[in-house]
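Protein chains: 2
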Amino acid sequence: MKFKILKKSKNSRARRGVIETDHGVIETPAFVPVGTQATVKGITVDQLKKDVGAQTVLCNTYHLYLRPGDETVKKMGGLHKFMNWDGPIWTDSGGFQVFSLGAGLVHNVGKLPSKSHAQAIEEKYKDQGESEHANKSFTKITENGVEFRSHLDGSKHFFTPEVSMKIQENLGADLIFAFDECTSPFHDYEYTKRSMQRTHRWAERSLKAFQGKKQALYGIVQGGKYRDLREASAKFIAGLDFDGIGIGGVFGDGRGDTKKDMRNVMDWILPHLPENKPRHLLGIGSPEDIPGLVKQGIDTFDCVIPTRLGRTGEALLAKGTLNLKAGKYLQDKNPIDKKCRCSTCQNYSRAYLTHLFKAHEMLGPILTSIHNLYFMEELMKGIRKSI
Amino acid sequence: MKFKILKKSKNSRARRGVIETDHGVIETPAFVPVGTQATVKGITVDQLKKDVGAQTVLCNTYHLYLRPGDETVKKMGGLHKFMNWDGPIWTDSGGFQVFSLGAGLVHNVGKLPSKSHAQAIEEKYKDQGESEHANKSFTKITENGVEFRSHLDGSKHFFTPEVSMKIQENLGADLIFAFDECTSPFHDYEYTKRSMQRTHRWAERSLKAFQGKKQALYGIVQGGKYRDLREASAKFIAGLDFDGIGIGGVFGDGRGDTKKDMRNVMDWILPHLPENKPRHLLGIGSPEDIPGLVKQGIDTFDCVIPTRLGRTGEALLAKGTLNLKAGKYLQDKNPIDKKCRCSTCQNYSRAYLTHLFKAHEMLGPILTSIHNLYFMEELMKGIRKSI
Numbered sequence: 001m002k003f004k005i006l007k008k009s010k011n012s013r014a015r016r017g018v019i020e021t022d023h024g025v026i027e028t029p030a031f032v033p034v035g036t037q038a039t040v041k042g043i044t045v046d047q048l049k050k051d052v053g054a055q056t057v058l059c060n061t062y063h064l065y066l067r068p069g070d071e072t073v074k075k076m077g078g079l080h081k082f083m084n085w086d087g088p089i090w091t092d093s094g095g096f097q098v099f100s101l102g103a104g105l106v107h108n109v110g111k112l113p114s115k116s117h118a119q120a121i122e123e124k125y126k127d128q129g130e131s132e133h134a135n136k137s138f139t140k141i142t143e144n145g146v147e148f149r150s151h152l153d154g155s156k157h158f159f160t161p162e163v164s165m166k167i168q169e170n171l172g173a174d175l176i177f178a179f180d181e182c183t184s185p186f187h188d189y190e191y192t193k194r195s196m197q198r199t200h201r202w203a204e205r206s207l208k209a210f211q212g213k214k215q216a217l218y219g220i221v222q223g224g225k226y227r228d229l230r231e232a233s234a235k236f237i238a239g240l241d242f243d244g245i246g247i248g249g250v251f252g253d254g255r256g257d258t259k260k261d262m263r264n265v266m267d268w269i270l271p272h273l274p275e276n277k278p279r280h281l282l283g284i285g286s287p288e289d290i291p292g293l294v295k296q297g298i299d300t301f302d303c304v305i306p307t308r309l310g311r312t313g314e315a316l317l318a319k320g321t322l323n324l325k326a327g328k329y330l331q332d333k334n335p336i337d338k339k340c341r342c343s344t345c346q347n348y349s350r351a352y353l354t355h356l357f358k359a360h361e362m363l364g365p366i367l368t369s370i371h372n373l374y375f376m377e378e379l380m381k382g383i384r385k386s387i
Numbered sequence: 001m002k003f004k005i006l007k008k009s010k011n012s013r014a015r016r017g018v019i020e021t022d023h024g025v026i027e028t029p030a031f032v033p034v035g036t037q038a039t040v041k042g043i044t045v046d047q048l049k050k051d052v053g054a055q056t057v058l059c060n061t062y063h064l065y066l067r068p069g070d071e072t073v074k075k076m077g078g079l080h081k082f083m084n085w086d087g088p089i090w091t092d093s094g095g096f097q098v099f100s101l102g103a104g105l106v107h108n109v110g111k112l113p114s115k116s117h118a119q120a121i122e123e124k125y126k127d128q129g130e131s132e133h134a135n136k137s138f139t140k141i142t143e144n145g146v147e148f149r150s151h152l153d154g155s156k157h158f159f160t161p162e163v164s165m166k167i168q169e170n171l172g173a174d175l176i177f178a179f180d181e182c183t184s185p186f187h188d189y190e191y192t193k194r195s196m197q198r199t200h201r202w203a204e205r206s207l208k209a210f211q212g213k214k215q216a217l218y219g220i221v222q223g224g225k226y227r228d229l230r231e232a233s234a235k236f237i238a239g240l241d242f243d244g245i246g247i248g249g250v251f252g253d254g255r256g257d258t259k260k261d262m263r264n265v266m267d268w269i270l271p272h273l274p275e276n277k278p279r280h281l282l283g284i285g286s287p288e289d290i291p292g293l294v295k296q297g298i299d300t301f302d303c304v305i306p307t308r309l310g311r312t313g314e315a316l317l318a319k320g321t322l323n324l325k326a327g328k329y330l331q332d333k334n335p336i337d338k339k340c341r342c343s344t345c346q347n348y349s350r351a352y353l354t355h356l357f358k359a360h361e362m363l364g365p366i367l368t369s370i371h372n373l374y375f376m377e378e379l380m381k382g383i384r385k386s387i
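Going line by line, the protein sequences match chains A and B.
Numbering-wise, the numbering used here puts 102 at position 102 of the first sequence, and it's gapless, one number per residue.
Numbering-wise, the numbering used here puts 133 at position 133 of the second sequence, and it's gapless, one number per residue.
So that you can see chain A by itself, here it is in the shape it has in the complex (with noise of 0.2 Å):
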């Protein structure tokens, strides 16, 4: 993989360039679709390419480890060839899935946390410390790695560095991430401080036990919400012979302004990442957050946004969305967008997915979520555009 930056912003930290991989090339800033389970939901690979115009996908490393399996993928000729996607793809380290098992489920949280969230959280724990919250999660967290139990049947399961990146090779991704752990917004700064520790030493370790010879291997900056351990954290991931740096984390804790504490946290890390590497911000963002992390300094995004809205009928809009379910666009004639350009502007009403949805009919989800994306790839190349 190689990195170039072709043009960087006066006004701000953003820059324009492109990521090369052996299938093809990434132009940055970049959002990247998420295919969980080797496809994007509802959309086949000819969509994704004419439809959207997607340049890249991401698949969820947990997900294939459990079904199909890693092995089986590797032995159907790896990723690429098994979901038919020739461009490049990306697979995550399962640390956030994993984290999803553990703290994410006993905190109930998401990426970014909401106060009615932070305050049920806070009720929920008030008389109980850390250790209780670990104790009712799906997951145990050791020097070694994480014990968990599938969410699909309840086997239990035990993932290394050296096993995220085993997973990883067989799947065959051409950017693939270190293993880590993703702390909590409602850990301490103990806790996080200790879990970042354990996710440097986990680096060190996907380091050494990576051997893709056409892959490229991200680190992971942790940290939490606490400004001493992101600048820590995103000095000793850039001190580290990584390809990238993937920024991880769930951000704020919903108590303030969750967009503006995501925003610190940016400002935190990215004047410690070296200029020469992409940034890639996992998880995230919507529409509206996109434009202003680029400025600081983000390279690509990958974000279930755009269909999981598409599937429950919300359709992206410069500003806010258009909800296709509640029946208000029954007779209406025009399309979701009448400046968009994606297929599904150009051929079909509000009516007609309202009726849709109304309707139960797959293709609701499948027409919201083209519109989704493309708007996605749209904004970015608006982005690319001003840079």
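These are calculated hints, taken from the structure and not from any lab test.
What you are looking at is a predicted structure, and each value in this text was computed from that prediction instead of being measured.
Hints should not be assumed to be uniformly reliable.
In this list, chains with the same sequence are indistinguishable; a pair is considered to hold if it fits within one copy or across any two.
Here are the computed lysine to aspartate or glutamate pairs in the EDC-like style, where the Cα-Cα straight-line distance is at most 16 Å [said to hold, decoys possible]:
1) K74 / D332
2) K75 / D332
3) K81 / D332
Given the structure of chain A, go ahead and fit chain B onto it with the hints provided.
Below, chain B alone, put in the same frame as chain A:
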């Protein structure tokens, strides 16, 4: 609409022809994919054209009347514009769906009853008269029409031949059907005869009410499993000024050889139909039935089998089906069918498709439905060539 016969078989009643409509031609014999709610389930119009090669689709009047409403479809510019399909469209009359809420529900019969069906029905009703059956249904049939309750919300509605014509004109399909009562194979001779005579009066009323200037109207032959009724119905419908002839009903009663019962019904009807009008067999058939039915003189077929099987992981093969849910193909690199040229077989392995079904991913039903619909198109191409 114009129907031209291009060639007749020397060994059978099979004909090769073409149905010309304002929205393009249908080469016959043809299979018509079903898009019940103005969408072939999970398949975009683009896929239907390019991946499947479909010539035409059939939508269901009953479903579209209830949701989004025929008036809404009319306001949105008609079915072609609404669903973005610019080829020929058919709508059925609503008769079969109304039957499904009535005797179809009470007798628990689909298009081709099985032996176990027949036994269960016989057991259930051995001490009850026919009138008893009718009272358990969601419908009330009178000379004027059918009162029924919506399967969606239980609301009351009333279909007459005049209402069905009006709805179908609002929907704006190219090829539409007269309103009829479909009878159950568990209806006795007397009821079937009375019903058929009423269907004949409804056929005359449909013709009288029909005002579609750019639409073609098909009459429907009924008469159940009784030879003299089928012959009488064929002659009566043939004698009216319809553009085409539909053949309706549920074939056989499952107590004998249902497929043979269906072939018998065709043999009773077809000799009495005019050569110069196209013949559509409603709601039939499976790949193994179609070649024989073409030889008996049928020109067009509509059936949900390819998409229904596609959704449940059953891929059509030259002989039988491949069950992609069974798990035995989880490491099979082969496509569904090595000889198949469809986009699914060209690009995806059985292993990947099995994974998609195991992982409950929408793409499994989508890709398998594309294969199954393509399979039907190829089957029909082969049949047309052979005539």
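Hint check:
Taking the shortest alpha-carbon separations for K74 and D332, only the inter-copy value of 12 Å comes in at or below 16 Å, while the best intra-copy value is 48 Å. In the homo-oligomer, the alpha carbons of K75 and D332 lie at most 16 Å apart only across protomers (9 Å), although the nearest pairing inside one protomer, at 50 Å, exceeds that limit. Taking the shortest Cα distances, K81 and D332 sit within 16 Å of each other only across copies (13 Å), while inside one copy they are farther apart (42 Å).
Violated hints: none; the structure is consistent with every hint.
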